[in-house]
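Just so you know, the protein sequences line up as chains A and B, in that order.
For the first sequence, this note's numbering begins at 1 and goes up steadily by one.
For the second sequence, this note's numbering begins at 295 and goes up steadily by one.
These aren't lab readings, by the way, just hints derived from the structure by calculation.
No residue lacks a Cβ here, since even glycine has one placed at the ideal position from N, Cα and C.
One should not assume that every hint holds.
What the hints assert, rightly or not - Straight-line C-alpha distance at most 25 angstroms; calculated PhoX-like pairs for lysine-lysine:
1. B:539 to A:31
2. A:45 to A:11
3. A:207 to A:267
4. B:325 to A:245
5. A:267 to A:278
As the list claims (entries may be wrong) - To give a feel for the contact side, a few chain B residues facing chain A, derived at Cβ under 10 angstroms:
6. 370
7. 381
8. 415
9. 420
10. 455
Protein chains: 2
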Amino acid sequence: MGPNDLKTYLKAKAELVNQALAGYLPEAQPKIVIAMRYSLMAGGKRIRPVLCISTAEALGVDGRITLPAALALEMIHTYSLIHDDLPALDNDQLRRGQPTCHSRFDEPTAILAGDALLTLAFQVLAEAGSDGDAEVWLQVIASIAAAAGFKGMVEGQMRDLSAEGARLDLAALQAMHTLKTGKLLQAAVTCGALIAGAREDQLAAIKAYGHHIGLAFQVADDLLNVTGDPQIMGKAVGTDADREKNTYPALLGLVESRRYANRLVAKALQAIDAFDTKADPLRAIAQYIVDRNR
Amino acid sequence: MGPNDLKTYLKAKAELVNQALAGYLPEAQPKIVIAMRYSLMAGGKRIRPVLCISTAEALGVDGRITLPAALALEMIHTYSLIHDDLPALDNDQLRRGQPTCHSRFDEPTAILAGDALLTLAFQVLAEAGSDGDAEVWLQVIASIAAAAGFKGMVEGQMRDLSAEGARLDLAALQAMHTLKTGKLLQAAVTCGALIAGAREDQLAAIKAYGHHIGLAFQVADDLLNVTGDPQIMGKAVGTDADREKNTYPALLGLVESRRYANRLVAKALQAIDAFDTKADPLRAIAQYIVDRNR
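Bound-form chain A, shown alone (with noise of 0.2 angstroms):
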C-alpha cells in the first residue's frame, strides 16, 4: 500500500468515523453538547478510531463492526485534549487548528465537557454490546477504561506535567509515554482484535504492533513539536523547549530519535510479520505514523 493509498484509505476511514460520531450528538442542543461536539468535530486524524477499524480487516472481519469502540477511543482521546489543554495543566489555546474548548467557551464548560465524552464513551460501548456478544464488549470496555485511567493515561499525564523542568532518562520517559498515549493505541488496536474474535497469537501479536507504535507515535510527536509547520499541524511547534518538557530529541538529538521512530516501526511490522495482505493498512499505518507532518 503506497503513500497516495493510504492517503485515500484514511480518508475513507475517517469519514466513516466523522459520521459516526457526529450521529451520537444532535447539532442544535444545550452548550454542553454544542461543547461536546466543537472539540470532537474538530477534526484530528482519528488514527485511534482507524486502527482499531483496521486491526479487525486485518483478521478478515467487516470494520463496521467495532464502530462503537471506534468511536468510543475518540471521544476518550478528544477529552483528554480538553483537559489537558486547560489552564491549570497545559494552558493550551490552539488546538487542532482552532481555540481549544475552554477558550472558545469557557473553563467550566470545558471541565464539564471532558467528563461528558469520557462518560459517553462508556455509553456507546455499553449500549453496543447489548446487540453483541456481550462479553467480548465488556472486555473491551475494561481494556479501554484500564489504558485511560490511573494505571494509563490519566498517571502519564500526572508524570508528564510532574516532570516538566526535571530531567528524566530514556527509561523513565519511555514509561510516561507509554502510560500517557502508548496504552490508549494499544487499546485500539486490541480492541478491534477482540471483537473480531483474534485468536490468543494474534491477539498477542497485535498487543505488540501496539506497543511498538505507540511509542513511534510519540517519538515522531516530539519531532514534530521540533521540526513541524504549526499551519499544517494546526497547534503551535516549540512549545516543548520553552516548557523545557521531556521529549525524545531534547533527550537523543534529532538524528538519533528518527533512527529510534524507524527501529520501533521495524518492530511494529515485525510482530504483524504473519498476517497476511489484509494487514497491509497496518502496515501502512505504521510508517505513516512517523513519517505525518501533523
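Let chain A serve as the given structure and place chain B on it in line with the hints.
Coordinates of chain B only, in the frame set by chain A:
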C-alpha cells in the same frame, strides 16, 4: 425499622462499602492514587451504594452481589464532587469536613483524580460483568453512564452554573435537580434491581421510588444549606444564599419546602407499597433522606 435500627443498618452497609472501596486503591502509591483515595475515603454517607445494595435485598437477593455497581456509583459521585468543587466551578474549600481535593493537592491533580475515578468506575463495572451475567452488567453500565452524562448529571451541573443569579421557576428547578442529583440516585436503585433480576413491574416501582427520593434528597440538601450545622455537615452552610443559587427554600420558603419534601417521601413509599418487609430499609432510607442532619 426505627431510627436506631436504621443507624446500625446504614453504618454496617457503609463499612462494607468502605472496605471494598479501599481494596481498589492501594495505600502507598503515586500522587494520583493518593488524591483519588483521599476524596473517595473522606467519609460521606455512601447513600448511593447503600440504595443499590438495599434495593437488591428488598428483592430477596444478597446485596453483596451489587457491590461493583455500588462502588462505581460512589466513585462517580466522588468524581463529580471533586470537579464541582474546582475553582472554575463552585470554588469550594471544604468537603466532607476536609479540604477539597484541589485545596489539599492542586488543581491539575484534582481534575485528573476526578477523571481517573470516573474511568475506574467503568473498569470496576466491566470487570464485575465478566464474572456475572454479562448482559445485565452491560445494562448497568449503560444506565449509570446515561445518568452521569450529558443528558444527566453533567447537564444538571451546566444548568446549575448558568442559573446562578438568575431566577428559575419550580419546573426548571426540578428539571435541573432531576438531572444533577436525581438521575444518579435513581440509577443506584435501578442497578440494584437489575442485578437482583427484578421483574418489569418491580423495576418500574423501584424507578418511581428512585425518582421521588432523588427529588426529596435535593430539597433536603437545600434545607440543610439554610438550617444545617456546619460542624455536623462538614461543609459550609448559607453558601447557596450567598451565591443567589436557585433553591427550594428560596422559591417556596422553608415551611413549604419541608412539606414538599415530606410529600415526595410519601410518594416514594407508595411506589414500593407492594414490596414486603424486606423493603423496610428502603422505606426507612426514604424517611432518613429528609430527616438527616448532614
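Status of the hint placing residue 415 of chain B at chain A (closest C-beta pair under 10 angstroms): Result: holds, 8 angstroms to nearest chain A Cβ.
Residue 455 of chain B as an interface hint toward chain A, with CB separation required under 10 angstroms: 6 angstroms, holds
Hint consistency between residue 45 of chain A and residue 11 of chain A [alpha-carbon to alpha-carbon, up to 25 angstroms]: With Cα atoms ~9 angstroms apart, residue 45 of chain A and residue 11 of chain A stay inside 25 angstroms; holds.
Satisfaction of hint between residue 245 of chain A and residue 325 of chain B, Cα-Cα up to 25 angstroms: 20 angstroms, holds
Pair hint residue 207 of chain A and residue 267 of chain A, alpha-carbon separation not exceeding 25 angstroms: With a Cα-Cα distance of about 12 angstroms, the restraint between residue 207 of chain A and residue 267 of chain A holds, given a limit of 25 angstroms.
25 angstroms Cα cutoff - pair residue 267 of chain A, residue 278 of chain A: 19 angstroms, holds
Interface restraint verdict for residue 381 of chain B against chain A (beta-carbon cut-off 10 angstroms): 8 angstroms, holds
Interface hint compliance - residue 420 of chain B to chain A, C-beta minimum distance less than 10 angstroms: 4 angstroms, holds
Restraint check for residue 539 of chain B with residue 31 of chain A, where alpha carbons must lie at most 25 angstroms apart: Cα-Cα ~20 angstroms, so holds.
Restraint check, 10 angstroms cut-off on beta carbons, for residue 370 of chain B near chain A: 8 angstroms, holds
Of the numbered hints listed earlier, not one is contradicted by the structure.
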